[in-house]
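Protein chains: 2
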Amino acid sequence: MIKLLWKKGLQFIAKDNKDHEIVVDTDITTGGFEQGFAPMDLVLVALAGCMSMDIVAILGKKGGKITNFTAELEGNRSENHPKKYNKIIMKFQCEGEYKKKDLLRAFELSRDKYCSVSATLRDSPEIEYII
Amino acid sequence: MIKLLWKKGLQFIAKDNKDHEIVVDTDITTGGFEQGFAPMDLVLVALAGCMSMDIVAILGKKGGKITNFTAELEGNRSENHPKKYNKIIMKFQCEGEYKKKDLLRAFELSRDKYCSVSATLRDSPEIEYII
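Which chain is which? The protein sequence lines are A and B, in order.
The numbering used here numbers the first residue of the first sequence as 236 and each following residue consecutively.
The numbering used here numbers the first residue of the second sequence as 236 and each following residue consecutively.
Be a bit skeptical, because a hint or two may be false.
Listed below are the simulated DSS-like cross-link pairs for lysine-lysine, each with C-alpha atoms no more than 27 Å apart in a straight line [as the list claims (entries may be wrong)]: (1) B:Lys326 / B:Lys300; (2) B:Lys242 / A:Lys243; (3) A:Lys250 / B:Lys253; (4) B:Lys318 / B:Lys238; (5) A:Lys300 / A:Lys250; (6) B:Lys334 / A:Lys242; (7) A:Lys238 / B:Lys326; (8) A:Lys300 / A:Lys238; (9) B:Lys334 / A:Lys297; (10) B:Lys250 / A:Lys300; (11) A:Lys297 / A:Lys250.
The set of hints was computed from the structure by calculation and includes no laboratory data.
The whole structure should be built from the sequences, with the hints applied where relevant.
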């Protein structure tokens, strides 16, 4: 379970079931304090984290040795409300000793088979609200 | 732009364009260190943050005074890969001085008009990969 607790203005604290905490915040002009990640940025972090974990794990199982791995994500949003992501661009960079074909295969397996966040974005979940 | 940097095992550091940082991690049994939020939990945090900001902001504009606001989220995942969310259950609790109908209207406006994260989940973005 995830809990989100209001702190001040439009700033919140999120907690997971192991009591990790992160600040969720927004621009000062919108009523936030700019002291933490914005919700739409967290969508990109979730996607980046899920695919990167898959790729690093699969490449490791294929004998690859990674010394550096980064993912950079940009999202293009609608101009009008709701300002959803129309397109997300993900760029991976991987340094170390590995076969290029193994990296590509690890990426494909994540994209097509394993990445839960990609699949959730691709195939919308039902949402039930209690208020 | 969001950057994700590999740290160790399946643990990563995410940075936003204001240099906020969060740890993205997974279970020790999976190869992580359990020192930060898991990617699928971050999907719930993003959704909770987006809707909660909308509701708190709209309720404030309607003259409501909030003393406490929490959102609790549970996600039901598929048993097989990719273990996506089939259903998400969100429960909001709001304490303070406000009209119940204003809270419900704020919630509806977020769900149907303003919440960018809900809309992204509802209407899948295109994803372009560079590897």
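We went through each hint and held it up to the structure:
1. Annotation: proposed proximity of Lys326 (chain B) to Lys300 (chain B) holds, straight-line Cα distance about 20 Å (limit 27 Å).
2. Only pairs whose Cα atoms come within 27 Å are accepted, and Lys242 (chain B) paired with Lys243 (chain A) is rejected, the gap being roughly 32 Å.
3. Taken as a hint, the Lys250 (chain A) and Lys253 (chain B) pair is honoured in the structure, with Cα atoms around 22 Å apart against an allowance of 27 Å.
4. At most 27 Å may separate the alpha-carbon atoms for a hinted pair to count; Lys318 (chain B) and Lys238 (chain B) meet this at roughly 24 Å.
5. Proximity of Lys300 (chain A) to Lys250 (chain A) is assessed by CA-CA distance (about 33 Å); at most 27 Å being required, the pair is judged violated.
6. Proximity of Lys334 (chain B) to Lys242 (chain A) is assessed by CA-CA distance (about 21 Å); at most 27 Å being required, the pair is judged to hold.
7. Pair hint Lys238 (chain A) plus Lys326 (chain B) holds up; C-alpha atoms about 10 Å apart against a cutoff of 27 Å.
8. Between the alpha carbons of Lys300 (chain A) and Lys238 (chain A) the distance comes to roughly 37 Å, so the proposed pair goes past 27 Å and is violated.
9. A C-alpha spacing of about 59 Å is found between Lys334 (chain B) and Lys297 (chain A), which places the hinted pair above 27 Å, so the restraint is violated.
10. About 24 Å separates the Cα atoms of Lys250 (chain B) and Lys300 (chain A), which keeps this hinted pair within 27 Å; it holds.
11. Of the pairs offered as hints, the one joining Lys297 (chain A) and Lys250 (chain A) is violated, with about 35 Å between alpha carbons and a cut-off of 27 Å exceeded.
Checked against the numbered hints listed earlier, the structure breaks hints 2, 5, 8, 9, 11; every other hint is satisfied.
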